[in-house]
Amino acid sequence: MKKKIALAMLSTALGAALVGAGSFAIFTSSAQNTNNTFTAGTLNISLDKPDGTKYFDITNMAPGDSGSAPFTVTNNGSLELRYDLTGSLTGALAAGANGLKVTIKDSAGNVITPGDTNRVLAAGASETLTISWALPLAAGNEYQGTTAQFGVFVAAEQTRNN
Amino acid sequence: MATTTLSLSYLGGSLLNKKKWMLAAFGSVMAVGLAVGGSTYAIFTSSAQNTNNSFTAGTVDIEIQRDLGDTIPGPMFYTGTSDPTGSYPYDTTKNVPDAPPGAESLGGLAPGDQLTRAMNIFNRGSLDVRVKKLQATVNAAGETSGPAYDQFIQKMNVKVMYPAANKVLYDGPLAGLLSGYVDISPFLIAADPSGPANVTFTVTLDKSADNTLQGHSFVFDFGFYAEQKRNNP
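Quick mapping for you: the protein sequence lines, in order, are chains R and A. Numbering-wise, the numbering used here puts 26 at position 26 of the first sequence, and it's gapless, one number per residue. Count along the second sequence from 1, add 162, and you get the number used in the numbering used here.
Same shape as in the complex, but just chain R (with noise of 0.2 Å):
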């Protein structure tokens, strides 16, 4: 009898646990930490004249005639910047060995190589370069009236992580 009963309030407790899973609960908290942020830079090289106001337009050269203007490159972004120079020179007037010679010289009056890959810019900066011009005296009457388009080429990447 006494095992009986004892076997009843096991299953009692047993019954018990089981309501006790229905309704199971603790204490919590939760904390957050929000509006983290993260803005991306920005890269923005850029010319003192944009494209279609041009730098010279030089009329009426004559053999031995020579002459410069100045350019400025500026980075206009938020990141350290490195860029491509690049020339483009066509047209009558440049062809040919005596033809018209155009070259970018940096501010200490240095020949820039044509397709320097290596001119780095800080955020914010800029650097004034010279475009200079030739047309050497052995240039014959074949030039005559002949005319050359010359164009400022600069593409820039970061620098960071590159």
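Quick list of the computed label-pair ranges, beta carbon to beta carbon:
no.	chain 1	residue 1	chain 2	residue 2	range
1	A	337	R	90	47 to 53 Å
2	A	395	R	41	56 to 62 Å
3	A	350	R	67	21 to 27 Å
4	R	142	A	329	30 to 36 Å
Covered stretches of chain R (in silico footprint by chain A; criterion: 3 or more residues with CB under 8 Å from a CB of chain A, positions within the stretch not fixed):
no.	region
5	44-52
6	62-71
7	75-85
8	138-152
Looking from chain R toward chain A, a few residues come up when the C-beta cut is under 7 Å (computed):
no.	residue
9	55
10	56
11	57
12	58
13	93
14	155
15	156
16	158
17	162
Note that these hints are calculated values from the structure, not bench results. For each residue, glycine too, the CB sits at the ideal point set by N, CA and C.
Starting from the structure of chain R, add chain A where the hints point.
Using the frame of chain R, we list chain A on its own:
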């Protein structure tokens, strides 16, 4: 992420196990990162350009015209037969009665005759020029060789002047101009809107010319040579 779940599930495990899983998780993140980078690698770029900066060469171009008040192109010195167009601008016997005196066609030259004619040199180019050389070439419309020719080019004196600059450009026998361009006292002609340079040619058939020349006819062309003034000492 899958890696995070794996780490959490082993929180209760041994420290050794935990490290192992974290290592594995890190490795898998690396692998994923590399795979992404390989397929869509990119960096920030920017470019700018300025094109169509232009250069134009100037021109050097001189044009010569005879000048005695007429605008009809033709030679400075001519006879009726050497002006087949029939203009005869200076021939008072064949043209208007009020043609400038002394400007008639030459008719026939006799030893001792002296005639002056003028020429305008226009700068038709865009650059200032300096006229530096002069030459004469014999024209096959007349005799080009023979004893009469040989005497004529020695006995015919040519004096070319640029009166505005008080310069004698050439003074000597015609023969001296016949072997190519000879240097003359250089003079400047500015580009438009400057006017032409007026030069005069005075020819004198020396009195010592003899009968060898009688009835012979000669034709010569005169030419000037100019260079750009700039960058040219």
